[in-house]
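**Q** The whole structure should be built from the sequences, with the hints applied where relevant.
Protein sequence lines correspond, in order, to chains A and B.
Quick note on the numbering used here: the first sequence kicks off at 1 and runs consecutively.
Quick note on the numbering used here: the second sequence kicks off at 1 and runs consecutively.
Below, computed lysine-lysine pairings styled on DSSO-like, alpha-carbon distance capped at 30 Å: (1) B:Lys29 to B:Lys209; (2) A:Lys280 to B:Lys235; (3) A:Lys280 to B:Lys230; (4) A:Lys280 to A:Lys317; (5) B:Lys235 to B:Lys29; (6) B:Lys81 to B:Lys208.
These are calculated hints, taken from the structure and not from any lab test.
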Amino acid sequence: MSAVLVVIEHDRGHVPESTFEALTSARAIAGGLGVSVHAAVMGDGGDLAAAAVGEYGADVVHHLTSPNLGDYNPEAWGQALAGAVAAESPAVVLASGTDRGNELMAQLAARADLPFVANCVDVAPDVTSMTRSQWGGALLEDATLEADVKLISMAPHTVEASAAPAAGAVSELAVDIDDSLVRSVITDRVVLSEGITLSTAPVVVSGGRAVGSEEAFAPLEELAAELGGKVGCSRAVTNNGWRPHSDQVGQTGTRIAPQIYIATGISGATQHWVGAMGSKNILAINTDPEANMVTKAGWAVIGDLHEVVPAITEEVKKRRA
Amino acid sequence: MRILTLVKRVPAPGARINITEDSQYVDDKNLGHAVSPHEECGVEAAVQLVEQYGGEATVLSMGGPEAEEQLRVAVSVGISKMVLVPTDGAPKDPQQTAATLVTAIEELEAADGPFHLIIFGNESADQGGFQVGIRIANALGRPMVNGIKGLELPEGQDPASGEGHIIARREVDSGFEVYELPLPACVGVKEGINLPRYPTMKGRLASKKAELTSVDASAEPGGQAQVRLKSPPEKVSETVILGNGPDAAPAIVDLLEELGVM
Ligand SMILES: Cc1cc2nc3c(=O)[nH]c(=O)nc-3n(C[C@H](O)[C@H](O)[C@H](O)COP(=O)(O)OP(=O)(O)OC[C@H]3O[C@@H](n4cnc5c(N)ncnc54)[C@H](O)[C@@H]3O)c2cc1C
Ligand SMILES: Nc1ncnc2c1ncn2[C@@H]1O[C@H](COP(=O)(O)O)[C@@H](O)[C@H]1O
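**A** Now the structure itself:
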């Protein structure tokens with residue numbers, strides 16, 4: 001074959017935007033190599049997922065089948081990909097660098113004994129060198145890759161997904177999966193939140209160490225609610241137990257991309273910044289005009305967050321009245 | 001339960017990350033050092049599991065001799081044994097790291113019996129390869145799930161036997177997926193699984209006295225090689241100061257209106 005094979009991530013048939021980004025990146029790489037784009041789907045809802053990917057440029061969709069493929073299972077899915085690689089000998093296998101995408105690529109890499117370069121942001125046309133993200137995106141690494149089959153993932157949001165309808169012909173490919181691999185199986189799902197999350201909120205109002213306590217987040221909650229947004233925080237806050245870790249913005253927290261990020265009492269350490277830098281606009285509220293968050297933000301107010309935040313809420317209410 | 005937890009020493013930069021002249025690593029001359037917050041939580045998870053179910057937890061790091069500092073921190077919060085796999089300290093590629101660690105873990109298991117659970121961080125803080133744990137689990141023939149934010153044994157299971165399952169909760173956008181992995185197993189944990197404790201005075205003393213075991217292991221480089229590190233292009237934007245203190249509220253709300261978030 002010698003194609004660029006794209007790993008189609010999906011949750012019971014639902015394909016996330018990041019996978020369409022991966023297909024978009026794959027088209028450019030396949031163009032450079034003069035090969036076509038193939039896709040690999042599997043598991044429960046795989047037929048639904050298969051139907052969605054032709055739109056984004058997959059010429060052939062390999063639907064991997066085995067009695068041992070059902071709900072998401074990193075080991076079994078990784079083994080299935082290894083089977084597809086053995087059967088089809090692609091030049092490149094590419095996924096989106098999401099948690100699941102990286103997990104599947106690492107499973108494939110381990111099973112096929114191949115190197116795997118995670119979170120690339122730029123790839124040379126022959127795929128023997130690339131630039132990848134380190135330190136959560138705060139640094140870049142130029143790397144080289146020597147391998148018969150080149151496994152890479154693309155950092156999310158490296159490109160914008162664009163449609164380019166292709167044949168998308170679905171062909172079934174039976175793969176061997178050892179019964180023992182059915183062990184890493186999902187036995188239950190707990191649904192915690194419906195609706196907007198920190199990563200999809202249009203407005204995020206965040207507080208840092210300077211907020212001072214769990215209770216002192218109430219004014220931030222009020223402002224966020226007023227603007228239809230969510231409350232975020234820095235690691236100093238989660239470390240103190242003032243907010244749950246699910247509210248943390250940053251390298252080891254959530255990457256956000258709101259229309260506006262209002263960061264109050266946060267110094268803007270690199271590990272926080274990499275989670276915030278995808279925001280369209282940033283407003284920093286800080287007593288220190290030299291704070292990194294202030295100098296990097298598009299907008300800033302110099303002042304005490306405990307005074308400024310309630311004043312904003314009041315002004316919003318006044319204008320709405 | 002016998003538990004092994006793996007940590008990697010990294011510099012802890014603040015507002016800027018400077019790179020060494022040879023472009024190979026972060027200039028850490030004036031920096032403190034830490035492990036990834038995920039790994040810090042991995043250490044805490046190991047301590048909590050031993051508190052709850054009995055047994056013993058070991059911490060292991062591969063790196064330069066300075067990594068002893070991070071191992072002793074782990075001991076100060078309740079880990080009982082520490083192991084260093086010494087290297088020259090230069091960054092290694094993920095295949096080489098994993099293969100070296102596999103050799104070291106096999107040596108430890110040959111001496112004292114299998115680890116029932118091996119805990120990794122979801123990803124290392126510096127290189128962030130998202131793979132070392134998965135490669136090791138695969139080489140050892142054990143199940144592995146990454147992104148874990150909850151760990152417990154099923155009720156009624158005998159923890160000392162090392163048999164049975166571990167229940168692992170994995171975070172996804174909408175909530176949790178629950179996995180039941182047969183032991184021995186491996187997991188990659190994420191920050192948020194717990195709130196790591198601070199060392200006590202007693203813990204600090206214990207960590208000073210604890211004995212460091214050194215295990216020699218090495219492996220050939222893999223197919224991925226680092227050429228250089230560089231800083232990402234920075235968007236230089238002039239910050240517009242909207243005002244000082246609460247008097248700035250009207251200007252802020254003007255901005256919110258302009259951006260269409262009102
Ligand atoms: C490997 C690694 C990963 C990490 N991952 C993350 C991560 O995911 N997310 C994260 O956030 N951090 C992360 N960190 C921690 C990070 O380095 C910083 O320690 C943390 O972000 C600091 O939080 P902060 O800005 O709230 O606190 P500080 O740095 O203490 O800043 C407080 C700020 O509040 C200002 N201030 C004080 N009083 C007031 C007032 N009354 N009104 C307004 N402003 C005021 C101060 O001027 C200062 O700028 C990580 C660290 C490491 C080593
Ligand atoms: N040098 C090392 N020493 C000990 N553990 C490591 C080392 N490198 C990676 N690990 C473990 O593997 C996990 C994943 O690393 P990575 O593949 O680099 O993202 C880390 O969170 C650690 O638990």
